[in-house]
Structure formats: structure tokens, C-alpha cells
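Q: This is what each chain is made of:
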Amino acid sequence: MNRVAFSPARVRWIAGNTFREAVRQRLLLLLIMVAATMTGGALFFSDFHFGSSELKFVTDVGFGALAFFGAILSIVSSAQFFFDEIERRTVLTVLAKPVWRAEFVLGKLGGVLLLLLVFCGLVTALLAGLLWWRETGLMKAHPGTFETGRVVAYAGVAWCGLVQWLKLSVLAALTLLVASYARSSLLAIMAGFVALVIGQLQYLARDFYGMMDSSLARGGVWLGGLLFPNFQLFDVADRVGAGETLSAGLIGGLAAYALAYMSVYGGLAVYCFRHREL
Amino acid sequence: MAGWRSTVSGIVNSRAKVAAVVGAVLLIAGAALRPVEAAMRKAEARAGMPGRTRRLSAIVGQGTSMAVLGGFRALVADWLWLKTYLAWAACDLPATQAMLRLVTIVDERPLGFWLNGARIIAYDMTEWRLRSAGREGAVPAAVRRRILEEQAGMALRYLEDARSYHPERAAVCVEMANIHLNSRGDPATAARWYRQAAELPDAPYYAARIYAELLKHLGRSREAYAWLRRLHPTLPPDVEAAGSRIVLGRIRNLERTLEIPENERYVAPEVDVETRRPQKID
Numbered sequence: 001m002n003r004v005a006f007s008p009a010r011v012r013w014i015a016g017n018t019f020r021e022a023v024r025q026r027l028l029l030l031l032i033m034v035a036a037t038m039t040g041g042a043l044f045f046s047d048f049h050f051g052s053s054e055l056k057f058v059t060d061v062g063f064g065a066l067a068f069f070g071a072i073l074s075i076v077s078s079a080q081f082f083f084d085e086i087e088r089r090t091v092l093t094v095l096a097k098p099v100w101r102a103e104f105v106l107g108k109l110g111g112v113l114l115l116l117l118v119f120c121g122l123v124t125a126l127l128a129g130l131l132w133w134r135e136t137g138l139m140k141a142h143p144g145t146f147e148t149g150r151v152v153a154y155a156g157v158a159w160c161g162l163v164q165w166l167k168l169s170v171l172a173a174l175t176l177l178v179a180s181y182a183r184s185s186l187l188a189i190m191a192g193f194v195a196l197v198i199g200q201l202q203y204l205a206r207d208f209y210g211m212m213d214s215s216l217a218r219g220g221v222w223l224g225g226l227l228f229p230n231f232q233l234f235d236v237a238d239r240v241g242a243g244e245t246l247s248a249g250l251i252g253g254l255a256a257y258a259l260a261y262m263s264v265y266g267g268l269a270v271y272c273f274r275h276r277e278l
Numbered sequence: 001m002a003g004w005r006s007t008v009s010g011i012v013n014s015r016a017k018v019a020a021v022v023g024a025v026l027l028i029a030g031a032a033l034r035p036v037e038a039a040m041r042k043a044e045a046r047a048g049m050p051g052r053t054r055r056l057s058a059i060v061g062q063g064t065s066m067a068v069l070g071g072f073r074a075l076v077a078d079w080l081w082l083k084t085y086l087a088w089a090a091c092d093l094p095a096t097q098a099m100l101r102l103v104t105i106v107d108e109r110p111l112g113f114w115l116n117g118a119r120i121i122a123y124d125m126t127e128w129r130l131r132s133a134g135r136e137g138a139v140p141a142a143v144r145r146r147i148l149e150e151q152a153g154m155a156l157r158y159l160e161d162a163r164s165y166h167p168e169r170a171a172v173c174v175e176m177a178n179i180h181l182n183s184r185g186d187p188a189t190a191a192r193w194y195r196q197a198a199e200l201p202d203a204p205y206y207a208a209r210i211y212a213e214l215l216k217h218l219g220r221s222r223e224a225y226a227w228l229r230r231l232h233p234t235l236p237p238d239v240e241a242a243g244s245r246i247v248l249g250r251i252r253n254l255e256r257t258l259e260i261p262e263n264e265r266y267v268a269p270e271v272d273v274e275t276r277r278p279q280k281i282d
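One line per chain: the protein sequences are A and B, in this order.
Quick note: the first sequence, position 32, residue 32 per our numbering, numbers continuous.
Quick note: the second sequence, position 81, residue 81 per our numbering, numbers continuous.
Do not rely on the hints blindly, as some may be mistaken.
[What the hints assert, rightly or not] Think about it this way: if two alpha-carbon atoms lie no more than 35 Å apart in a straight line, the pair counts; the simulated DSBU-like pairs of lysine-lysine are: (1) A:140 with B:83; (2) A:97 with B:17; (3) B:42 with B:83.
[Said to hold, decoys possible] To be clear about the criterion: a stretch of chain A counts as covered by chain B if any three or more of its residues have a C-beta under 8 Å from a C-beta of chain B, and this derived list gives those stretches: (4) 61-73; (5) 229-235; (6) 251-261; (7) 266-278.
[As the list claims (entries may be wrong)] Quick list of simulated restraints, FRET-style, between CB atoms: (8) B:119 with A:248: 35 to 43 Å; (9) A:259 with B:230: 28 to 36 Å; (10) B:89 with A:155: 35 to 43 Å; (11) B:127 with A:132: 36 to 44 Å; (12) A:149 with B:92: 32 to 40 Å; (13) A:193 with B:20: 41 to 49 Å; (14) A:37 with B:39: 30 to 38 Å; (15) A:117 with B:186: 53 to 61 Å; (16) B:132 with A:137: 37 to 45 Å; (17) A:252 with B:163: 29 to 37 Å; (18) A:155 with B:168: 47 to 55 Å; (19) A:137 with B:145: 39 to 47 Å; (20) B:266 with A:252: 47 to 55 Å; (21) A:117 with B:86: 35 to 43 Å.
Simulated from the structure, these hints should not be mistaken for lab results.
Virtual Cβ for every residue (Gly too), placed ideally from N, Cα, C.
Kindly generate the complete structure, drawing on both the sequences and the hints.
A: What follows is the structure, encoded as C-alpha cells:
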């Protein structure tokens, strides 16, 4: 049926277009808001750290903002950019050309992943810059506390930004899967948020229901748990804030886990879109 | 009519088939990835989280529990710490006490919460209670003693909890020693905790020196001398905080006090000029 071969170049072209569209849709405004919130938070905490590490507060606030705004960006952009093409009928124009449906879906996913990468990169860089600035100030004010040099593990902060991107990428792929099947963007967005909550809390449900007597309920929860990734695994930011280091094994494991889920969700989104009436 | 029905049935069947395939693939993928997830969960050692959640829900309501479980645990703990600060600034003893507990239930990992919390309980709260008991100097000695004991006991129990999460952190032992020494006036127990701190990998150098000083204060100068003799060769001479020269001076003082014969006196190891480390002695 397809007369042309699958082309990664076309996937890149669609991804690039999706990314440009995202930039035009005031993404930068959101980034500036996050940055301003973090900067304000850091200045506020310089008076209120109350004996605890001020740098820990800044780290926690920064990664909290990244996780919160990142989840919104991931879900909304995945659903919105997909349905925009369908509602404006531009998808028909694109698919009328020698473009595979798989290329279209993967291009959309690629664009959103690029968008999330830029978002995570900028916020992490901003956070690292803020930490560096505050730490330098504290080192001048309290040299005795920094006898052994800087205390913030900047490599850990960078790794943490990467892990957050992996989590948001899985979430984006999952939302795109729902969008490729659903009939409205609202349903896809709602499903994305529900999936985020389930993915975040499902391990807890498994722990609780694992103690239940009813084998039927246990089996049901077990099966349900298989449908969603465990997002709790990606919550490494608070460990970095608490001064723990992230092992290479953990980061590698998380990357493999995220990549596997992204592949499955991406593949299924292609399958759903190929069976979709446009 | 029949044509309409067959169209609808075709769409439904097609969508149902797609949903079934998606569900099946997700189940297979989920089952295949479960061992990877289990290995990472094991590494994270999240045992006890369900219990923590029940405790949290009972104390702060489900909203905070959801935020904690939703990946904002550190952020929630920080926010609670700020609320603790407000209670502390208002010298509100019950609120501060409750908030200190809550912060460490939400996030037990930052050592700063435990150490600062223990100091507030042992020192600040004691002052608040003494102030509310009467004018300065008007509080009977027995009442003062009782308040000090109660607050010190509370702070020590708090730090015992901290030790269950941070058994290898010397700072917790040092803080316990400080409270035994400053609040309870019990140098013997304080010495025991300083020694315990000194034997942990991240011990500050001063813990070992204070232990020796307390032994001297308790009249156990021979023990102090033996301890300092063992300690001195392990101290890097080029690190000011290690106080190698101070320790050597104290060894010499004790040798004079204890009248140690010349031939049994401590011989300081020669310092390697290249590494600036004491050469190993047998």
C-alpha cells in the first residue's frame, strides 16, 4: 500500500514542525513563569531556611516545578498537537503526500520529546545556575561550612533533570497512545492525567491489595498494574535534594525502563492511528 | 437499515479489536518489565511506605498524602518546615512540637530536620517553658531541673528515631552527646556518645578529642591517655581541624600528670615529607 519506504527524515521534519508550533504557542512564556517562580522562591528562602540547608529548599522547589509544569506540558502538548492536525484537517493534507501514518505519529512524538527536552534542559540549567549563585554567596558568608568545597552535587542535578525528562517522555507517549484512539483532545488530556496519577500511585495500591484475602481482587489489581508504568521510580529529585547520589546502575535502569515503555506506547499509537478513520 | 447496522457494527468491531490488541500488548509489556521494576524498587528500599501513608493520612489528611506520594515529598516537607519556623517564631510549643514530628514523618532523610528539631526541643522549648513558669531566677531549682530533664528526654527520643533512619551518621551521636552534656549534665553518658560518634566513618575530628577531655574530667585519665595515643597516629598533620599538634600536646600533659616513665612515653610517628602523612608504625 505504501509506495515509498519509511523515512526517518520525514519523521524529523514532522518533529521539527511540531516543535516550532509548540514554540509559537507561548511555551517560552510558561518557561519564564517557572523561572520567575524559582528565582522568587530562592530569594524568599534565603531568609527562611531556618537552620536547614537553603540549597536543599532551592533544589526541591526547582525540581517540584519541573515535575509539575513538565507533567502539564507533556500531557497537554501531546494531545493538543495531535488533535490540532485532525481538527484543522491538515492531517489529510499531510497524509495525502507520501507520508506514512507511522511517520506522522512518530514525528509528533519526536516533536513533543524535543519540546520536553528543551523544557527540562532549560529549567535544570536555570536551577543549577541559581544553586551555584546562592552557594557562592553562602560560601562567602559562611566559609567554615564549606571547608571541603561546594556541597551541591551538580552532576546529580543534571542527572535528575534527565530522569525527569525520561518520565515526562513516557507520559507523553502514553498520552499520544490515548490520543491516537480517542475521539476528542479533552478525553486524551483527562486520560493522560488519570494515567499519571495511576502510574504514580499504583505501586501503593499493589502493596495494599497484595495483603487482601480475595485472590480475585489481588489478581485484578495485579493485571491493572501491568497496564501502567510505575512513575514513582522516577522520583529521584528528592534524593538529590537530600544529598544522596544517583548510581549509574539506577540511571541506566530507569533509561531502559523508560525506553521500553516509550517503544511500546509509540508502537501501539502507530497501530491505533493506522486503524483510525480520519 | 441493514447497511447502517453493518457500518456501525464494523466500526465497533474494529475499535474493539484495536482496544483488545492494545490491552493485550500492554499486559505483555507490563509483565515483561515487572522484573526490571521490582529490581529498582528493591534498590530503592521503599519498604514501609504503606504504613507511612496510613500515618500521614491520619495526621495531615489525604491531600498532603497524595502530594507526598505524587512525587512532591521533599517539597511538602520543606513547606512543613517553613510552617514549623512560623510556630517556632511565635514560641508556640505544642504547634512546634507537632510540626517537628510531622516534618520527619513526611521526609526522614534530611539530617538537618532531625538535628535542628532536637536542638529546638532541648534548648528553645526549655527556655519557653522556663519563661512561662516564672521570672528569671524565680523558678525553683527543682522545677527547672525537671523541665530540663523532660525536654532533654524528649529530644533524645527524637534523636533515637533519627538514628533508626541514619545509623551511620556521626552528627546524630554528637547531638545526643551534646544534649547529655549540656541539658542533663551527664558527662559519663555524653562521653559514651562522643566515642560512638568518633568511631563512625563521617565523624568530625573534635568528637574524639572531646571524648578524651570528658574522660579526664571524669577522673579516667589513664583511659584518656590510651585513647589519645591510639588517636594521634591516625590524624593527618596538615589538616587544621584534625588538631594533631593539640592532641600531641595533651598526650604530653597527661604523661606528666600520670608520671609515665620516659621509656614508656608515646613516640610520635615521623611525618613523611612527601605525603605529609604519618609514617605507619607498628
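Q: A separate judgement is required for each hint: does it hold in the structure or not?
A: A quick look at each hint next to the structure:
For a cut-off of 35 Å, the pair hint linking residue 140 of chain A to residue 83 of chain B stands: about 28 Å separates their Cα positions. This hinted pair checks out: residue 97 of chain A and residue 17 of chain B have alpha carbons roughly 28 Å apart, not beyond 35 Å. Taking the CA atoms of residue 42 of chain B and residue 83 of chain B, the gap is near 33 Å; set against the 35 Å cutoff, the hint holds. Evaluation of the coverage hint for the region 61-73 of chain A: fulfilled, as 5 residues show C-beta separations to chain B shorter than 8 Å, against a requirement of three.
Here's how the region 229-235 of chain A fares: 7 of its residues keep a CB closer than 8 Å to some CB of chain B, so the rule of at least three is met and the hint holds. Check on the region 251-261 of chain A: 6 of its residues sit with their Cβ under 8 Å from a Cβ of chain B, so the three-residue criterion for coverage holds. Coverage of the region 266-278 of chain A by chain B holds [criterion: at least 3 residues with CB-CB distance below 8 Å; count 6]. Between residue 119 of chain B and residue 248 of chain A, the C-beta spacing of about 37 Å keeps the proposed range 35 to 43 Å intact.
A beta carbon spacing of about 53 Å between residue 259 of chain A and residue 230 of chain B contradicts the range 28 to 36 Å that was offered as a hint. One distance hint, 35 to 43 Å for the beta-carbon pair residue 89 of chain B and residue 155 of chain A, holds here, with the actual separation near 37 Å. Against the hinted window of 36 to 44 Å, the Cβ-Cβ separation of residue 127 of chain B and residue 132 of chain A comes to about 38 Å, which satisfies the hint. Range check, residue 149 of chain A to residue 92 of chain B: Cβ separation about 39 Å, and the 32 to 40 Å hint holds.
For the pair residue 193 of chain A and residue 20 of chain B, the beta carbons lie near 25 Å from each other, so the given range of 41 to 49 Å is not met. Our hint of 30 to 38 Å for residue 37 of chain A and residue 39 of chain B holds, since their Cβ atoms are close to 36 Å apart. One distance hint, 53 to 61 Å for the beta-carbon pair residue 117 of chain A and residue 186 of chain B, holds here, with the actual separation near 58 Å. The given range of 37 to 45 Å is respected by residue 132 of chain B and residue 137 of chain A, whose C-beta atoms sit roughly 38 Å from each other.
Evaluation of the 29 to 37 Å hint for residue 252 of chain A and residue 163 of chain B yields a pass: the beta carbon distance comes to about 33 Å. Between residue 155 of chain A and residue 168 of chain B the C-beta distance comes to about 23 Å, which lies outside the given range of 47 to 55 Å. In this structure the hint that residue 137 of chain A and residue 145 of chain B lie 39 to 47 Å apart at CB holds, the actual value being about 44 Å. One distance hint, 47 to 55 Å for the beta-carbon pair residue 266 of chain B and residue 252 of chain A, holds here, with the actual separation near 51 Å.
Separation of residue 117 of chain A from residue 86 of chain B is about 39 Å and conforms to the stated range, judged on CB atoms against 35 to 43 Å.
Consistency with the previously given hints fails for numbers 9, 13, 18, ordered from lowest to highest.
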